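For this one, chain A is given, so just place chain B on it according to the hints.
Number of protein chains: 2
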Amino acid sequence: MVENLQVALMRKARASSSFRPRELTNLLWGSERVANERRAAFERVEKTLGTYETAKLPRCYSETSREDLFEQGLEMGKVCLDDMLEYEHEHFVWITPRYNLVNASPFGHKAILFEPAMEHNGTAEQKSKWLPLARSGKILGTYAQTELGHGSFVRGIETTATFDQETDEFVIHSPTISSAKFWPAGLGFSTTHGTVMARLLVGDKDHGPHLFVVQLRSVGDGKRMPGIKMGDIGLKLGYNEADNGFASFNHVRIPRSHMLMAHSQLSRNGTFAEDPLRAKLSYSVMLLVRGKMPGVFAVQLAQALTIATRYSVVRQQGLGPVDALNTETNIIHYKHQHFRLLSLIAKTYAMFFASRACDTQYNKLRKMQCQADHSLLPSVHALTAGLKAYVTSEAVDGAEDCRKLCGGHGYMVISGLPNIIGALAGGATFEGENYVLWQQLGRHLLKQLDRFQDGETIEPQVQYLAEPKDPNTSCMASGEQFLDAGVQLGIYRDRAHRLVVKAHTAIRASGKMPAEAWNEHMMLLIYASRAHMDYFILKSFVDIIAALPDTMSESLGAVLKRVCSLFALSTIVNPRSVDVLSFIETTGTQQPYLTCSQLDTMRSLVNGLLDQLLPEAVALTDAWDFSDASLCSALGMYDGNVYKNIMRWVEQLPINQNAQENGGVQEGWAKWVDPILKRAKL
Amino acid sequence: MVENLQVALMRKARASSSFRPRELTNLLWGSERVANERRAAFERVEKTLGTYETAKLPRCYSETSREDLFEQGLEMGKVCLDDMLEYEHEHFVWITPRYNLVNASPFGHKAILFEPAMEHNGTAEQKSKWLPLARSGKILGTYAQTELGHGSFVRGIETTATFDQETDEFVIHSPTISSAKFWPAGLGFSTTHGTVMARLLVGDKDHGPHLFVVQLRSVGDGKRMPGIKMGDIGLKLGYNEADNGFASFNHVRIPRSHMLMAHSQLSRNGTFAEDPLRAKLSYSVMLLVRGKMPGVFAVQLAQALTIATRYSVVRQQGLGPVDALNTETNIIHYKHQHFRLLSLIAKTYAMFFASRACDTQYNKLRKMQCQADHSLLPSVHALTAGLKAYVTSEAVDGAEDCRKLCGGHGYMVISGLPNIIGALAGGATFEGENYVLWQQLGRHLLKQLDRFQDGETIEPQVQYLAEPKDPNTSCMASGEQFLDAGVQLGIYRDRAHRLVVKAHTAIRASGKMPAEAWNEHMMLLIYASRAHMDYFILKSFVDIIAALPDTMSESLGAVLKRVCSLFALSTIVNPRSVDVLSFIETTGTQQPYLTCSQLDTMRSLVNGLLDQLLPEAVALTDAWDFSDASLCSALGMYDGNVYKNIMRWVEQLPINQNAQENGGVQEGWAKWVDPILKRAKL
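Same order as they appear, the protein sequences are chains A and B. Using full-length UniProt numbering, the letters of the first sequence map in sequence onto residues 1 to 682. Using full-length UniProt numbering, the letters of the second sequence map in sequence onto residues 1 to 682.
The following block holds chain A by itself, in its conformation from the complex (with noise of 0.2 Å):
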């Protein structure tokens, strides 16, 4: 039996692995403790939401309109809600069952922006208000700043918050067709609050964008509140659970206690107040959702990977280099597909590690920020900002590699696969436009470079800027040195070094009007930022190593040092890394960084890695505890019996079904079909 051979190849590569996969899962999620509470409330969810019995195809594949796909995120929405209520437990509030980020449900708004929203803005009178209606959800609210016309640049928010000191009012009103809000999740159908930023406009006076409480929706009846046009946007690449909406207020009237006050405030006589650091204060909001991101899209991303891993360990293809089992090659032994599997199993890795670092310096932050020392925000800003741009791009990238490398199967929607992308798709843009989020790490770098300058003190990540540096130096590591993690380090710090220097003597040495240099030399920033990002990556991983548990298997520890290793060394070697040229260009001078010859040292150690690799890469996907129904992919599942899932899920397709009904015959044949055939008779 064929299923047979598939299932006993899965058996074989889960067994090759020298670790236990379950040792690195409590790795993963923090403890055995975290690891099981995590485990049991997924499978609680998917038992509620009918997805835990994975031979029965699942609703989102089977009932797909937009209308199906938004009703099931409501389903999805509020069963976690009332989960992590009933439980108490908080596994749901970042991410849905499916490992979307939970902006995928239409209540997802509610703890990762409405609520802090309110948390970092609200006065302590508002806070008393609003927050416990909203935690306990006597109202569902949404967080609505990007509107159809401006996103990455906020001061161009057009909506309006006009006083009316009469009445002690705004009026909430937009004004042209582009200041339509736009985007929010929830804000179609399912939210009855907004915190909605619009502009301040006080007499002849604007003040710029502020955020104020808007009532959407009655409590009562789901009803639209007079004067506020809602709706969908309709499908998008990914997160139709959710109804991204639109809205147009019409002089919509709210009172003036409905202004978030914490850092600027109205009179009732129209006087303005407000704290210098009201707009870097405003970011803090931003940062929490940034600052999740990595984390949750290097997850997705896991998942991605455990797929094409688990399709490649049993989907056999040609006669490539024998198996034991003496039949066709399995796809992963083919060197290009062992090659794209293994460095990216190791890249997500090092981007997880690193989201890890992320959360620390964002949770010091606030713990500062409690005592009103708001010192740490432009460094945490920036790191944010960097690690948001580089994960997001490179998971939905990595993703994409994990369709190919599923064949043509990893392109039907039940692979799992397009969704996975999809939702990836949208990191790029959302929560900061990755080119706009490079910017801003560049600013940062240049800034703390200028410090360096004028002597003043400079940060500790980017202390390497500190150390003068031979521009023109090369890397004299030879051999196996390039394994030693301190080597790697040193590659990736030098790169860094030489391109933010690089692209800060260009912009400030520039006879150009700012605007004009920044313009010019912004090819260069961007990609200074990106090899800082590469370096706090490696930095991070190497860093978790160094601190691992006494209590770890030594045959963990040192899989997990390979996992290192490759993603430093594959990073540089693989053709289609980002931005390669510049770990080798040195400036001004007719000698490369890293010769010929030792690119070709870091290939034969890359392969190497790759080869002691290969047994672990099953454990290393299994590590991740995903469960077949978070996956929902025919090509993914823990047994590895994929044409058999295939299959059994595709028969049960409606179209098929209803069709079984009647001969195999859709009702087009008649009106479409017939015709051709009976024209051609006549």
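Don't take every hint at face value.
Which copy is meant is left open, so a pair is good if it fits within one copy or across any two.
Unchecked claim - Here are the computed lysine-lysine pairs in the PhoX-like style, where the Cα-Cα straight-line distance is at most 25 Å: (1) LYS56 / LYS502; (2) LYS129 / LYS678; (3) LYS447 / LYS469.
What the hints contain is simulated information worked out from the structure, not anything from laboratory work. Just so it is clear, the structure is predicted and the values come from calculations on it, not from any experiment.
Chain B only, in chain A's frame:
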């Protein structure tokens, strides 16, 4: 009014070009006559389909279930067949009215696979029987090769055709789950006949895969023929207008005469005979489709670019370098946007012109084959494999970047981009998995080098392999010399030379078994193939420019030269290009092929070209002459009125129209939202 600003910006961007787009249109499509006929055909079909009126939300965005999309495909397919029959043209043989490869039509296999399979593999008698039926539409055919378990490795196909000498029939059978035919367009519900690939079994002898004509459905009522289980494989990333299907055969009997016997014959008494070239000749059908794909995919990428370019000249965001209208900056002016758009436009033209060169080669082959001369087959096979892999890979990456260039709005389905990306994504795997194709080209290149080393002649396209070169030669050009096409070609040729020789040496000198050696050095081989294609593509572009008609305006000629130079240089310095290290790396020495300062020179020349080509951006995309209906994009319409166009379509979404009648409340409110709000009240 905001919409007028966008329209004004579009008018201004369009007016800034130095050439008439129509002149380029005629060059692209072949002649003014062809361009006009194309336009007329599109307009007729769009009017019949109801897509011509672009104020109306297209049905593909309002009726989106599996069943709806398939029904739209049936209608589209029939309308195109009707129009081609009535007006006697072939504009929709290869593409749909959305510029998808025609596989997106349920009847798409008819003219590009079913009929060619018959032409290439049928005897004269078989052709005279089947071709008139197929061409007139009395039967509707599909080409059923791929199975659930086998795609790339055709020799592994499991479906059996067992000869029953007693009845003079074949018994077509699917012995395993994985042997089900899987993927063929139209197989699900809408074709009546298939050319089915199956292993010919005679007695205990397995003669390998052959083609058999199998009736799948009743021509009268569309019912499945007995013993065949068929259906749809469900939603895919793209091509959802087609019913890509599966078919499982349970001892289905067909007459012996249904085996296509041009290149092999089975006689009444079971005697088997075959042409020694049979395996190779059966390639020819695949070659036809593969050879056409680069052109189709380049044009579909041009659609994505048209949308992104139009959006980029009317979208304003932020205060960058100031535009003459003195408002926010048009995003095309931001350097990263500018660089990505223009370099991608250049690449698209390059790939399109290369597809022309490929067409020429294929036509030459077919002409020779009609004289029974198959000597060009290996060369054209290698070329189509490489170009298909190259273009399909670049096209989907490029379209995905177009989506990012449109910010968040590119994520909406109504931007048109998700559908284009989804369609292009299929190209990586269908009609030959790209990594397999790269190896096929690689195998050919190594063989050519073998021939050269054995003193035999080699084909013109790889003549450079015959020019003995010092592998350590460096490029000696400087300054504006890099704008010279000869210098550019030299860089690409030397790189291809180095890489092919490097792969050849590694594989031929390996002490391992051939399959092991091949696998060990597969990455080298794949990127050698890719470097060869980079060279071929640049050369095709340079050749086209050298042969531009005398009647062409100087201004257009100058623009095309710049576009070509931009392609040549930006491919080297774009941080996101594939395998750029190999432009620099020589073998075994310290001296790189290009120095850092030469690279900086190229970067500066690229910046100059970008500035020169910025005013031509809209004209360079208008020149493709895409109708608004074919783009099907709220972001990319000719008028540039994006915000108006978006809101107009969004308001027409059924989910919004239906809620309208009920105060904006969706059905799901009562079931899922209200209980959350109510529970809180308890």
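If you test the structure against every hint from before, which numbers come out violated?
The structure conflicts with hint 1 only, although it agrees with all the remaining ones.
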